[in-house]
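Trainee: Sequence:
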Amino acid sequence: MPYINVKTNSELALQNRETIKTELGKAIEAIPGKTEAWLMINVDEPSYMAFKGDTSPCAMFEVSIFGSADGSAYADLTERICAVSEKYLGVSPSRTYIKYAETNIWGWNNMNF
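Take the sequence shown: its letters are residues 75 to 187, numbered as in the numbering used here.
Keep in mind that the hints were calculated from the coordinates and are not lab data.
Pairs of lysine-lysine, BS3-like flavour, derived with a Cα cap of 25 angstroms:
no., residue 1, residue 2
1, Lys100, Lys161
2, Lys81, Lys173
3, Lys81, Lys95
4, Lys126, Lys161
5, Lys161, Lys81
6, Lys81, Lys126
7, Lys81, Lys100
8, Lys126, Lys173
9, Lys95, Lys161
10, Lys95, Lys173
11, Lys161, Lys173
12, Lys100, Lys173
Quick list of the computed label-pair ranges, beta carbon to beta carbon:
no., residue 1, residue 2, range
13, Lys95, Gly127, 30 to 38 angstroms
14, Glu136, Gly164, 18 to 26 angstroms
15, Ser146, Met185, 28 to 36 angstroms
16, Asn183, Pro120, 29 to 37 angstroms
17, Ala111, Gly145, 21 to 29 angstroms
18, Asn184, Ser138, 14 to 22 angstroms
Note that CB positions come from ideal geometry on N, CA and C, so glycine has one too.
Using the sequences plus the hints, can you model the full thing?
Mentor: See below:
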């Protein structure tokens with residue numbers, strides 16, 4: 075049950091939204107047991123954002139997962155997300171932040187896991 079929230083000051087072309095959804099669906103598989111089948115994505119754009127005092131294109135990805143993963147899985151996912159950010163948002167990996175959150179309780183369909 076992963077969730078990815080994307081905030082960027084880069085304006086997305088409409089066709090890139092679908093591509094980003096698909097590419098993040100593939101990227102989440104870097105975390106064992108996670109697939110697009112349970113992935114929820116939100117894309118907020120364009121947001122007013124500044125990084126290092128500069129409003130050039132930048133992006134923030136917040137990734138939440140049910141359970142946990144090891145460092146190598148997160149390293150792999152970071153590389154995949156940075157590639158998506160650069161290719162489809164036009165945001166350099168050096169201007170992309172990724173925040174990870176793990177949770178042991180996740181609600182869905184009138185119940186909790």
